[in-house]
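For the protein sequence lines, the chains are X and F, in the order given. Numbering-wise, the first sequence is residues 1 to 158 according to the numbering used here. Numbering-wise, the second sequence is residues 1001 to 1120 according to the numbering used here.
Quick caveat, the hints were computed from the structure, so don't treat them as lab data. Some clues are possibly wrong.
Unchecked claim - Simulated restraints, written as ranges between beta carbons of each label pair: (1) X:152 / F:1049: 28 to 36 Å; (2) F:1027 / X:131: 44 to 52 Å; (3) X:12 / F:1045: 42 to 50 Å; (4) F:1047 / X:106: 37 to 45 Å; (5) F:1026 / X:9: 32 to 40 Å; (6) F:1047 / X:30: 22 to 30 Å; (7) X:12 / F:1029: 20 to 28 Å; (8) F:1029 / X:27: 32 to 40 Å; (9) X:118 / F:1116: 36 to 44 Å; (10) X:37 / F:1047: 29 to 37 Å; (11) F:1073 / X:63: 44 to 52 Å; (12) X:27 / F:1010: 26 to 34 Å; (13) X:76 / F:1073: 18 to 26 Å; (14) F:1059 / X:118: 38 to 46 Å.
For glycine and all other residues, C-beta sits at the position ideal for the given N, C-alpha and C.
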Amino acid sequence: MSQTVVTEGDLAEMVEQVWVSYLDPEGINPLVLTGDAKQPSEVHSTVSITGSWHGHLVYASSKHAAQKAAAAFLAMEPDEVGQEDISDVLGELANIVGGNVKAMLPAGCFLSLPTVVLAPDTASYYPAAERISGLYGAWDGEPVSISMWQSVTKEAKA
Amino acid sequence: MKILIADDSRVMRQIVTRTLRQAGYGDHDLVEAADGQQAVDMAVAEKPDLVISDWNMPELTGIEVLRKLRAAGNDVKFGFVTSECTDEMKQAAESAGSAFFIVKPFTADQFEQAFAPILG
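Extracted from the complex, chain F is given alone in its bound form (with noise of 0.2 Å):
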């Protein structure tokens, strides 16, 4: 299974990776986005099962990276992993098609409850 990590922080991207290596998904196959615009087209090119996304980023936020999918008819597995957390942007992330929405400073325990049901 193919993961794409976006978020324009290199420091986090290598938290969310060792995360998700401590809640035992560390034998994905993990790809980075460094901005949002990055996102959107190895979104497209590297066709992941799941992207994990930043909402804060250069070029385009997270939020504008899953609409942008899903007007393309893109389906990809979306969620975040976002310092930010107030209940309209749950709401636009959920009616954007976001299946997950976690908050940093984030545990492998909240990574795991979050992706069981969606990597298995």
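Chain X extracted, bound-state conformation (with noise of 0.2 Å):
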């Protein structure tokens, strides 16, 4: 496998802007890492990569974990978000993180629209590629983490 581009401290770094500025601008509950891979999940959202690099960004949460960042984002409570809401802020939540991504990845890249699922990211959802970073941790208590798969096809090892 070729050299890993974005390390979980590269990513680390990122999430923590991604705190400081929506999730946590008191800075009272930064995201607490982990380490745990199998923390349970249940929703995620992906951006994928294609270029000069082919992978996905994926950012997976507990339901609670969402509907909390979504209230984060909109300056709202907790239980005034709607579903939409949540969505919309778990698409924006992989773009941001994936965007930063892109801007370590080679040159010559491309970046998706957000691809948001409201059910647990299992290794499933990507057959042809494998996990070479994430940040797995807890805020305030849920879990949430961040992880990138790159393709494993046959025009990825060429």
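Bring the two chains, given one by one in their own frames, into a single complex with the hints.
If you want it as structure tokens, here you go:
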């Protein structure tokens, strides 16, 4: 496999910026990394990257964490946000981290629009990709993860 | 002054609106477009003084919106607020006539720095 182009340290830096800007501007509720890659998730969003690098960036969390994220983005209470808001925010979270990831990849990459699935992320969604880095943690006790998957198709290996 | 905010994420349009307010630009007339084609249409119909556009949108990307407007002789002040930031994109934006390039996640301070020379 080729050298990891975006490390967990890089992901952590981007994620910290997202937390400081939108999810935890007061700095009281950061994402606490646990490293538990097997933690459960209930919803996830993905952006695909194609071009000089092929793969996916996946943001996954519990429903409650997604609801809290939407509330933080919208400056509302968690019980005031609807499913559309949650989907929108999940997509935007993958888009923001994916966009920053893209900037670290070789030139000539394209970012897809986000795909949001209100169901757990499982490896079966990425049958032709392998995880190359990931952040697994808890936000206010709720599971949140951000992981990068690289395509292992013939084209990517060539 | 009228500002057009183009982003396919409704939540992000709200965050841009909120950040404009925090940066002291809340008194301007704000209008919104939910995709690239709508951004072109509204830039023509609404005649905004400034367009703040996402890059990656359905129908037309932000850079296509800017190029279409310029090709039609529309000289509206235009810049990007996007999660994507590569040198090639910045160069493409600049040569198409973009006035600023703000990367998500952004702060009110970044808005202030970018918009002070434009909005005064």
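Original post:
Per the hint of 29 to 37 Å, is the separation of the Cβ atoms of residue 37 of chain X and residue 1047 of chain F within bounds?
Top reply: violated, 52 Å
Original post:
Taking the beta carbons of residue 1059 of chain F and residue 118 of chain X, is their distance inside 38 to 46 Å?
Top reply: The hinted range 38 to 46 Å is violated for residue 1059 of chain F and residue 118 of chain X, with Cβ atoms some 25 Å apart.
Original post:
Is 37 to 45 Å a correct range for the gap between the Cβ atoms of residue 1047 of chain F and residue 106 of chain X?
Top reply: Check passed, 41 Å falls within 37 to 45 Å.
Original post:
residue 1029 of chain F and residue 27 of chain X, beta-carbon distance inside 32 to 40 Å?
Top reply: For residue 27 of chain X against residue 1029 of chain F, whose Cβ atoms are near 34 Å apart, the range 32 to 40 Å holds.
Subject >> Assessment of proposed distance window 20 to 28 Å (beta carbons of residue 12 of chain X, residue 1029 of chain F) >> reply: violated, 40 Å
Subject >> Hint check for residue 30 of chain X and residue 1047 of chain F - Cβ pair distance inside 22 to 30 Å >> reply: violated, 44 Å
Original post:
Given a hinted range of 32 to 40 Å, is it respected by the beta-carbon distance of residue 1026 of chain F and residue 9 of chain X?
Top reply: Roughly 38 Å apart at Cβ, these two residues keep to the hinted range, so it holds.
**OP:** Given the hint of 26 to 34 Å, check if residue 27 of chain X and residue 1010 of chain F actually sit that far apart at their C-beta atoms.
**Re:** holds, 27 Å
Original post:
Would you say the C-beta atoms of residue 1027 of chain F and residue 131 of chain X sit inside 44 to 52 Å of each other?
Top reply: holds, 48 Å
Original post:
At the C-beta level, are residue 152 of chain X and residue 1049 of chain F separated by a distance inside 28 to 36 Å?
Top reply: violated, 49 Å
**OP:** For residue 76 of chain X and residue 1073 of chain F, compare the CB-CB distance with the range 18 to 26 Å and indicate the outcome.
**Re:** Check failed, 42 Å falls outside 18 to 26 Å.
Original post:
So the hint says 36 to 44 Å: do the beta-carbon atoms of residue 118 of chain X and residue 1116 of chain F match that?
Top reply: The hinted range 36 to 44 Å holds for residue 118 of chain X and residue 1116 of chain F, with Cβ atoms some 41 Å apart.
Consistency with the previously given hints fails for numbers 1, 6, 7, 10, 13, 14, ordered from lowest to highest.
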